[in-house]
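Chemist: Here is what each chain is made of, one letter per residue.
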Amino acid sequence: MILIYSDNKNNSLELLGKGRKLADQVKNRVLAVIIGNAGEPEAKELIAFGADTVVIAETDMEHFKAEEYADILQSIINEYNCETVMIGSNKNGKELAPRLAARMETGCVTDCINVSLEGEKLTVERIVFSGAAISRQQFASDIQILTIPPKAFYPPPKDEARTGEVIKKSYQPNSYASKVLRVQEMKSGDVNVEDAEIIVSCGRGLKKKEDIRLLEELAETLRGNTIGCSRPIAADLKWLSEDHWIGLSGHKVKPKLYIACGISGQIQHIAGMRDSAIIVAINRDSEAPIFKSADYGIVGDLYTVVPALTKAIKEEMSS
Amino acid sequence: MNIIVCAKLAADVSEITIDPATGKPVLQGVPKIISDIDKSAVEEAIRIREKCGGKVTTVTIGPPEAKEKIKPLLAMGADEAVLISKPEKEDYSIVAKLLSEAIKKVGNYDIILCGEASIDLFSGQVGPQIAGYLNIPQVTYAQVIIAEEKKVIVERNLSDKVVVIESTFPVLISVTKEINKPRLPNLMQIMQSAKKPIHEWSIESLGIGELSPKVEVVGIDGVPTERKNIILEGEVEETATELAETLAKEGIF
Ligand SMILES: Cc1cc2nc3c(=O)[nH]c(=O)nc-3n(C[C@H](O)[C@H](O)[C@H](O)COP(=O)(O)OP(=O)(O)OC[C@H]3O[C@@H](n4cnc5c(N)ncnc54)[C@H](O)[C@@H]3O)c2cc1C
Ligand SMILES: Nc1ncnc2c1ncn2[C@@H]1O[C@H](COP(=O)(O)O)[C@@H](O)[C@H]1O
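Just so you know, the sequences run in chain order F and G.
Residue numbering for the first sequence follows our numbering, beginning at 17 and increasing consecutively.
Residue numbering for the second sequence follows our numbering, beginning at 3 and increasing consecutively.
Isolated chain F (complex conformation) (with noise of 0.2 Å):
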């Protein structure tokens, strides 16, 4: 059996499109686990988009843990014979995935940006160096862990006349030293670079926070309002909230149009906005690794050429 899990809808969904195709290929079946305590609908759900058994694991806990998840699964993997076992990778996907993996002694990868069969061979993609390279990787092992980031696989088309088998059963994992005291959301304006068409984006080139409207104009005359940054605008300068870090250790994002003002180009930053459609730099210092990045860069700075162009795209679009 080839299990998937998520605790992300539409990941689960993307993790079914790829599952299926798996399972096709070899006439097995697919078993996607909910955990926590979902009913019958949302499991139908899942059998329509391409899952032969879900099995619903009921446990009392709270909050997710990966000690206690990582105990579920492995129960679940051992009572169906699952082979390979493919888990979504947010950031609590990817630690749940290879704590089960050395629980286990089994193989993992995280991140696989694409996963096929060579002979029999389970093999699998991930971007390695920064985003320098793509590592191809094969498994050794006879259970393959492996996790999928969000959009790396289309969701396979829902089939309302699908059927499955849906099991419900309540697990009690085993007790662990630690335990969720609380859980905070953070502020948020509730921007969501992975699904922005048009993103402008911001770097250090940026002298103040207040001046992110100049962005923000820009952004707003393309209709696409969505603002990105880089690294230190977020993590250090705090100028904006999280979910605009675009790159390695922020989000991946696919807009039609990416627009980097003040941005380096360092490799980090890259790697989280490379699958752009357009990609336009403007950077005041025409050595700036991200022009090789681009197609279209204008050198100069960006206090002049942002609303110069907010303008210009203003006329052109009343033309």
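By construction, these hints were calculated from the structure, which means they are not laboratory data.
Relax, there's no trap hidden among the hints.
Away from chain F, derived, C-beta distances all over 12 Å, residues of chain G:
1) A23
2) R51
3) K53
4) P66
5) K69
6) D81
7) V108
8) E151
9) L189
Calculated lysine-lysine pairs in the DSS-like style (CA-CA distance at most 25 Å, straight line):
10) K308(F) to K230(G)
11) K91(G) to K137(F)
12) K327(F) to K251(G)
13) K183(G) to K225(F)
14) K53(G) to K195(F)
15) K107(F) to K183(G)
16) K230(G) to K270(F)
17) K153(G) to K107(F)
18) K272(F) to K251(G)
19) K107(F) to K163(G)
20) K203(F) to K163(G)
21) K167(F) to K163(G)
22) K251(G) to K330(F)
23) K163(G) to K270(F)
So, partial list: chain G residues that the calculated Cβ filter (under 8 Å) puts toward chain F:
24) S161
25) V225
26) A250
Positions of the beta carbon are idealized from the N, C-alpha and C atoms, including for glycine.
Assemble the complex: chain F is given as a structure, and chain G with the ligands must be docked to it using the hints.
Modeler: For chain G with the ligands alone, kept in the frame of chain F given last:
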């Protein structure tokens, strides 16, 4: 309080160049450095020791030459270092297994610190795998650690929320780069660190049999980076207009 920090000797990604003929990265001759985030882990360990007392030991897998790269961690304030010889073949599970055996050999550990991910592979696997092999609690993506005598309170940063976790010892914690700014040792500290021990342990001395990789790298490919690289030149108004027209033609609006 006994704190063990896993500090990786990683490829310095800023020194990797791309071979224009093949589009593949040139990996030969790329210098190795202690992974960025692991320096933050060492800094955090020192701060915990400054508050609670105890000892900080770093553990690294690497060739004998790695000794030079570990010394700055001792100069920062770590008390001792362990260097485990490099296995012939390695994957995430072998690295985690070796580190967890070395941690057992150091013994008496309360807190094990790792980086959230290493700068070259960025897999984030090794920390949770060590916790799995040792079967102890784990807390990843720590942005704040408050250590007390018998327990630790940690803030996990999940981007959209912060989860506050409490654990007794032993516990493995992986830290983010934002948790602190690693200190730069002064000349005095650098000189004093020359006396601090670096223990070199062979794989045999850890008492584990042959380890076979569970995952093998079968190829390293370049990343396609075809971009137009058109630099628009002229007065600001002209270039802005040209860009606006171009974007219109590209169907952006
Ligand atoms: C493990 C690790 C993970 C990381 N993850 C990320 C990540 O996810 N995302 C990320 O972004 N970074 C990340 N970084 C950091 C990254 O290496 C760079 O330090 C960072 O991207 C630099 O941000 P910047 O381009 O805004 O600043 P800088 O590098 O300081 O560049 C500022 C640029 O602005 C230009 N400029 C200045 N004034 C003006 C002006 N008036 N008009 C026009 N241009 C101007 C300058 O010429 C310069 O090119 C990571 C680093 C590490 C080690
Ligand atoms: N070879 C190694 N030696 C010591 N520590 C390591 C090694 N590899 C990984 N680590 C630790 O595990 C963390 C995560 O690494 P990675 O799984 O490669 O992203 C690093 O930040 C280190 O703390």
